[in-house]
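Enquirer: Chain residues, written in single-letter form:
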Amino acid sequence: IQLTQSPSLLSASVGDRVTLSCKGSQNINNYLAWYQQKLGEAPKLLIYNTNSLQTGIPSRFSGSGSGTDYTLTISSLQPEDVATYFCYQYNNGLTFGSGTKLEIK
Amino acid sequence: EVQLVESGGGLVKPGSSLKLSCVASGFTFSSYGMHWIRQAPKKGLEWIALIYYDSSNKYYADSVKGRFTISRDNSKNTLYLEMNSLRSEDTAMYYCAKSSPYYVMDAWGQGASVTVSS
Numbered sequence: 102i103q104l105t106q107s108p109s110l111l112s113a114s115v116g117d118r119v120t121l122s123c124k125g126s127q128n129i130n131n132y133l134a135w136y137q138q139k140l141g142e143a144p145k146l147l148i149y150n151t152n153s154l155q156t157g158i159p160s161r162f163s164g165s166g167s168g169t170d171y172t173l174t175i176s177s178l179q180p181e182d183v184a185t186y187f188c189y190q191y192n193n194g195l196t197f198g199s200g201t202k203l204e205i206k
Numbered sequence: 125e126v127q128l129v130e131s132g133g134g135l136v137k138p139g140s141s142l143k144l145s146c147v148a149s150g151f152t153f154s155s156y157g158m159h160w161i162r163q164a165p166k167k168g169l170e171w172i173a174l175i176y177y178d179s180s181n182k183y184y185a186d187s188v189k190g191r192f193t194i195s196r197d198n199s200k201n202t203l204y205l206e207m208n209s210l211r212s213e214d215t216a217m218y219y220c221a222k223s224s225p226y227y228v229m230d231a232w233g234q235g236a237s238v239t240v241s242s
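If you read the sequences in order, they're chains A and B.
Position in the first sequence (from 1) plus 101 gives the number in our numbering.
Position in the second sequence (from 1) plus 124 gives the number in our numbering.
Among the clues, some could well be false.
With the Cβ distance kept under 8 Å, some of the chain B side facing chain A (calculated, not the full set) [stated by the list, open to error]:
1) Tyr226
2) Val228
3) Trp232
4) Gly233
Calculated directly from the structure, the hints in this document are not laboratory data.
Bear in mind the structure is a predicted one, so any value in this text is a computation, not a measurement.
Glycine residues also receive a C-beta, built at the ideal position from the N, C-alpha and C atoms.
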């Protein structure tokens, strides 16, 4: 399954509601996770099984979706959220999306 | 606290071999599957290998199948990645990661850098 993330670059203001998209080439059956990777760091798991928040992750992060279309939402963007976000599917094989780089405007 | 520490990276010539290690602590290593994932410079993430908790099953990405071997020593809490016939396109940061039951990587090491160049 191939994953297409959009946009590739997103610029938003502090406090904005931000939505990142991930689309699969086939049905993912909700086996989708989201990772955050800050510059120079390893990725960190944010969301798994489409909408389950990993322990310790702020509640401003949420996930939704079904079928082939999934979304990561940050309800109120904070400066520390600057990072690249990757989606990851584990329904059929194990593949990552190409990432969305999130910047502060 | 889960900790994963990779080592063994370096600069090698095309066609050579290298073996990475990942020492785990803070969890019962022998109860969890483990992954290797790599990231080429300025690029995205690529899953490359998975090993079950008891080494009963191993899976590889097509890009490394037949050249790379994943293994583990549960008595030493250590995961390995043996890389043979290295190519320039294998240049990347290599991460080990703990697997959840759903094959989600829920903890990552800091990475080991591998550069393949003549």
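Enquirer: State for each hint whether it applies.
Expert: Okay, the hints, checked on the actual structure:
1. For B:Tyr226, the shortest C-beta to C-beta distance to chain A is roughly 6 Å, which falls under 8 Å, so the interface hint holds.
2. A cut of 8 Å between beta carbons decides the hint on B:Val228: the least distance to chain A is about 5 Å, and the hint holds.
3. At its closest, the beta carbon of B:Trp232 sits 4 Å from a beta carbon of chain A; the interface hint therefore holds under the 8 Å criterion.
4. Nearest Cβ of chain A to the Cβ of B:Gly233: about 7 Å, under the 8 Å cut. The hint holds.
Consistency note: the structure conflicts with none of the earlier hints.
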